[in-house]
Structures are given as C-alpha cells and as structure tokens.
Amino acid sequence: MAGTTTTTTAARKVKFVITRRERPDASPFTEEFEVPYRPNMNVISALMEIQRNPVKTNGEKTAPVCWESNCLEEVCGACSMVVNGKPRQACSTLIDKLEQPIRLEPMSTFPVVRDLVINRERMFKALKKVKAWIPIDGTYDLGPGPRLAESKRQWAYELSKCMTCGVCLEACPNVNDRNSFIGPAAISQVRLFNVHPTGEMNAHERLEALMEEGGIEGCGNSQNCVRSCPKGIPLTTSIAAMNRDTTKHMFKQWLGM
Amino acid sequence: MASKGNSYLPRKLHSLLGVIPLGLFIIEHAVANYTAFEGGQEGFSKSINFLNSIPLVFWVELFVIWLPILFHGVYGLYIAYQSNVNTGRFSYGRNWAFTAQRITGVITFIFVAWHFYETRVQIMLGNVTHEELGQHMNNILSDPLTVTAYVIGVIAATFHFSNGLWAFLVSWGITIGPRAQKVSSNICMVIFVIVSALFLLSIFAFRGDEFASAAASALTSLSVG
Ligand code: SF4
Ligand code: FES
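These protein sequence lines are chains A and B, in that order. Just so we're aligned, residue 1 is where the first sequence starts under the UniProt record's numbering, counting upward by one. Just so we're aligned, residue 1 is where the second sequence starts under the UniProt record's numbering, counting upward by one.
Okay, chain A solo, but in the shape it has when bound (with noise of 0.2 Å):
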C-alpha cells in the first residue's frame, strides 16, 4: 500500500455510540468510541478494535463492550444487534455503508445480558414447544422415508435458512411482555417442519402448539417481520399459510374428524 494511502486511512476514524449494561437488571447507559478506519470493516472487527484499546472517546479508559459473535458470516444468528436503529446481523454490516456516529444497541426485546449480549432462549423454547424437528428416533431402522417433491423442496429450502437471529421477533412490535405471541420465526419452522413427508406425520402437533396460548394468534399483521428477516424468508406467506392450516385444523376437531 502507498505511504500515502496508509496516512490518510490511519488518520480515519469511525464514531461508535453504545448502549451499554453492566448486568441484566442495571440501568443502560451510553459510551461514545473512535475507532482508526480500515478499509471494509464490519461492526465485529470495530468492536474487536474497542476491546484490544478500551478508550472512551474523551480518552477514559473503560470496560471493554461485550457482544456475541460465531460464525461472523451471517448464518448463526448470534451476532444480532440494533445498528442505527435497524436490527441486524452485526459480523456482515459493513461499516463503509452506515452511517455516523453508528449507533449499536441490544436488541431489547429479549432479555439483556450485557451490553450488547442478549439471551434468545425464548426463541429456542418456543422451537421445543412447537416440536421443529423430525421424530424419527426408535428402536428399529424404519428404511428410508418419502422423497419430498422439488416444487415444494424449493420453497422449503427457504424457510431452511432461518439462523434463530431474533431480528423479526426485535422488529414486531407484537413481540413484547404484555403479549404472548411465539413470533414468527417459531411459526414458519411449523411450514417447514409439515411439509417434509416425514415430518408431516406429526403435523396435527405442530399445528395444535401453535393454537395454544402463546401460539399463532397474536399476529396483528403489522408484517415487518418479513421486511427485516436477513435470509429474506416468506414470514407473512409462512404466516397465513398456518393460519390457513390451524383453522382447517380447527374445523376438523369440532366435526370430530
């Protein structure tokens, strides 16, 4: 690199505000970072940068910020921050394409750690409680099982992508501790899960979960979830498509069939 380029990159710096917490019930408060530039930076690499030098904008030392990252290629989910106000995968938000001060908080929908570290167990029990899995444990091999068909593998391939991140849970504004709704997530994993030949033999499970308290039905339609989801998963096609198959489901009770 020219001597010159080096200079003038060097002498970059990138602003951070960050909304801090020292334990869960503690109070949040801010702290302002600068950061030297490097050319395609993402939020991680900033923060990686806070905690070698753990200085405050005003040159007080600090505690460095904690956050959670993996896989820092956008398929674990564990990394998902509020950047500028936008809930988002922290390790693949490129620096050169936000703007500053950058300001990074927890996504406070779930419970808050530390800083920016959240606890997502809500989204992992709601996964148990609507059993997104195939059951095929036992005590024999029961052979191969139905082929899935390509039409639907594509679709189903989608919804496969869901990294448990929470960004569609942060943005639904129905997500929050007056409601019970198990968020849409959890709901398009019950899609997924009904349409595979094997999973399907337990669809009426999934289906009865989510007609449970603290189910499908306190979707109010506000459909953010799908303009924030980062793997781009049809949520509100997910969505309607069980609302279609609870009420059949529904129906079918009643009539006792």
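Simulated from the structure, these hints should not be mistaken for laboratory data. Each hint should be verified, as a subset may be incorrect.
Unchecked claim - Derived DMTMM-like pairs: lysine to aspartate or glutamate, alpha-carbon spacing no greater than 25 Å straight-line:
hint: 1; chain 1: B; residue 1: Lys-12; chain 2: A; residue 2: Glu-213
hint: 2; chain 1: A; residue 1: Lys-56; chain 2: A; residue 2: Asp-96
hint: 3; chain 1: B; residue 1: Lys-12; chain 2: A; residue 2: Glu-208
hint: 4; chain 1: B; residue 1: Lys-12; chain 2: A; residue 2: Glu-205
hint: 5; chain 1: B; residue 1: Lys-46; chain 2: B; residue 2: Glu-61
hint: 6; chain 1: B; residue 1: Lys-12; chain 2: A; residue 2: Asp-177
Claimed, not checked - Okay, the calculated bits of chain B under chain A, using three or more residues with CB under 8 Å as the criterion:
hint: 7; stretch: 70-82
hint: 8; stretch: 177-187
Claimed, not checked - Computed from the model, here is a short list of chain A residues facing chain B with C-beta under 7 Å:
hint: 9; residue: Asn-84
hint: 10; residue: Gly-85
hint: 11; residue: Ala-171
hint: 12; residue: Pro-173
hint: 13; residue: Asn-174
hint: 14; residue: Asn-176
hint: 15; residue: Arg-178
hint: 16; residue: Asn-179
hint: 17; residue: Glu-217
hint: 18; residue: Gly-220
hint: 19; residue: Ser-222
hint: 20; residue: Ala-241
hint: 21; residue: Asn-243
hint: 22; residue: Arg-244
Think of the CB as a built atom: it goes at the ideal place given N, C-alpha and C, for glycine as much as any other residue.
Could you slot chain B with the ligands onto chain A? The hints should help.
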C-alpha cells in the same frame, strides 16, 4: 406472558365478528343513510320503516349488532393494549396500517358508544321517535364541532372495517401469498373509499335544508303540542 387460558379462539372470533356481522352492518348502515342523500326526508323514512319491519327487530339488533360490538370492542381494546407502536423504526406501509388499525379501533369504540347514546338510546328513552330521526340528526349535526367529530368517527370506523377485512382474510388463511394480499389490500381500500363516501354524503344531506325545515317544523309542533 399476559394472560392464562387460550386466546386462540377469542382472537379468531374477534376477527370473524368484525366482518360478520359487524362489517355487514356498517355497509347496511352506510346504504340506509345514503338514502337520505338520494331520496331526502322521504327516502330516509322509507329505509327506516323497512328496517323496523324486520321481525323481532330488537333481538336482531341485540344479537347481530350490540353484543358483537360489545365483544369486538372490549376485546379489541385489550388487543390494542397488547401492541407496541414501532412505526418510528419501521415505517413501512403495512406497519402504519397496523398502528392505524388500533388507533381507529379506539376512536371507533368511543364514537360508536357516543353515537349509540345520541340516537338509539334516545329512541328507547322516548325522547325521539323513528319519524323524527332525520330532524334529530339535523339537530345534532348543526354544530360544526359535532360534524368534525362525526366525519372523523365515520372515517375511522370505515378504515377500521376495510383494513380489518384485509387482516381477516390473512388471519383465517384465505389470502396467503404476497400477491393475493396485495390484491385484497387494493380491494379493501376501494371499499374504504366507497363506504366513507356514502357516510360523508349522508352527513352533508342531514345538514341540508330539507332536514332542517323538517326539524324546524318538528320543533314548532313540539312547542305547540
Ligand atoms: S426468520 Fe429470519 S429474522 Fe427471524 S429468526 Fe429466522 S433468520 Fe432471523
Ligand atoms: S456471527 Fe454468526 S451471524 Fe454474525
């Protein structure tokens, strides 16, 4: 988690009642009022007489209008309470409609309670007869503030109905894909415009001279009698 028990059925019922019977009632009400614009005093009296000729009219009103409104309204307030407003962060059209649905729901609830008291309750108390309803509306709507409140009230109610019809089609699993939901949204907005127009025209008709002179003559006959 807000409540125990299962809210699946109440939510479904809430959605259904908003369309059948309440949505049908809104359309019926708009058309009946519109006769005041189209046929004046005479046309309006005709539609009132027709409605009163429905057998067991009191029970029909009770089970098809009042009780469904009571459930839909009270449960709807609870649904509104359960929702956050996040249009600041997510200013998408559908999210605005989501928030508007809750705001217009609350406005409609208040408006309907007030309007019910001013009209139906007054008839039950014997302060107004069915024949005098047109003049009575003229009296009520002679105040510009009341007219403003009525215009806001009917627009809120028709928006709540039209957008609620869209949401009903999703919640019952009738419109599933984005295209179906787009088409139904367009249809619902056309319904919104038409039904609002019917109500607004009837408001202006009730303010007109025909109902005013009738009101005046009713007033004189009242004072003479
Ligand atoms: S559906 Fe999309 S936004 Fe929601 S958890 Fe899965 S990947 Fe994240
Ligand atoms: S670290 Fe896995 S999605 Fe960002």
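Evaluated hints:
1. A distance of roughly 13 Å separates the Cα atoms of Lys-12/B and Glu-213/A; the hinted pair therefore holds under the 25 Å criterion.
2. A threshold of 25 Å between alpha carbons decides the hint, and for Lys-56/A with Asp-96/A the separation of about 21 Å falls inside it, so the pair holds.
3. Taken as a hint, the Lys-12/B and Glu-208/A pair is honoured in the structure, with Cα atoms around 15 Å apart against an allowance of 25 Å.
4. About 20 Å separates the Cα atoms of Lys-12/B and Glu-205/A, which keeps this hinted pair within 25 Å; it holds.
5. At most 25 Å may separate the alpha-carbon atoms for a hinted pair to count; Lys-46/B and Glu-61/B meet this at roughly 19 Å.
6. For the hint pairing Lys-12/B with Asp-177/A, the CA-to-CA distance comes to about 21 Å; that is within 25 Å, so the pair holds.
7. Restraint check on the stretch 70-82 of chain B versus chain A: 3 residues with Cβ-Cβ distances below 8 Å, three needed, restraint holds.
8. Evaluation of the coverage hint for the stretch 177-187 of chain B: fulfilled, as 3 residues show C-beta separations to chain A shorter than 8 Å, against a requirement of three.
9. Because the closest C-beta pair between Asn-84/A and chain B is about 10 Å apart, greater than 7 Å, the hint is violated.
10. For the restraint placing Gly-85/A at the interface with chain B, the shortest Cβ-Cβ distance is roughly 5 Å, inside the 7 Å limit, so the hint holds.
11. A least Cβ separation of about 6 Å between Ala-171/A and chain B falls short of the 7 Å threshold, and the interface hint therefore holds.
12. Here the hint on Pro-173/A is kept, as its CB sits about 4 Å from the closest CB of chain B, short of 7 Å.
13. Contact between Asn-174/A and chain B, as hinted, is supported at the beta carbon level, the nearest pair being about 6 Å apart and thus within 7 Å.
14. Proximity of Asn-176/A to chain B holds as hinted, the smallest CB-CB distance being about 5 Å (cut-off 7 Å).
15. Restraint check, Arg-178/A versus chain B: the minimum CB separation of about 5 Å is within 7 Å; hint holds.
16. Of the supplied interface hints, the one on Asn-179/A holds, with its beta-carbon coming within about 4 Å of a beta-carbon of chain B, less than 7 Å.
17. With a least beta-carbon distance of about 4 Å to chain B, the hint placing Glu-217/A at the interface is held under the 7 Å criterion.
18. Interface restraint check: Gly-220/A against chain B, minimum CB-CB distance 6 Å, threshold 7 Å, status holds.
19. Satisfaction of the interface hint for Ser-222/A is found here, the shortest Cβ-Cβ separation to chain B being roughly 4 Å, below the 7 Å cut-off.
20. With a least beta-carbon distance of about 5 Å to chain B, the hint placing Ala-241/A at the interface is held under the 7 Å criterion.
21. A distance limit of 7 Å between C-beta atoms decides the matter here; for Asn-243/A the minimum to chain B is near 4 Å, and the interface restraint holds.
22. The beta carbon of Arg-244/A is positioned within 7 Å of a beta carbon in chain B (closest approach about 2 Å), and the interface hint is therefore held.
Against the hints set out earlier in the document, a violation occurs for number 9 only.
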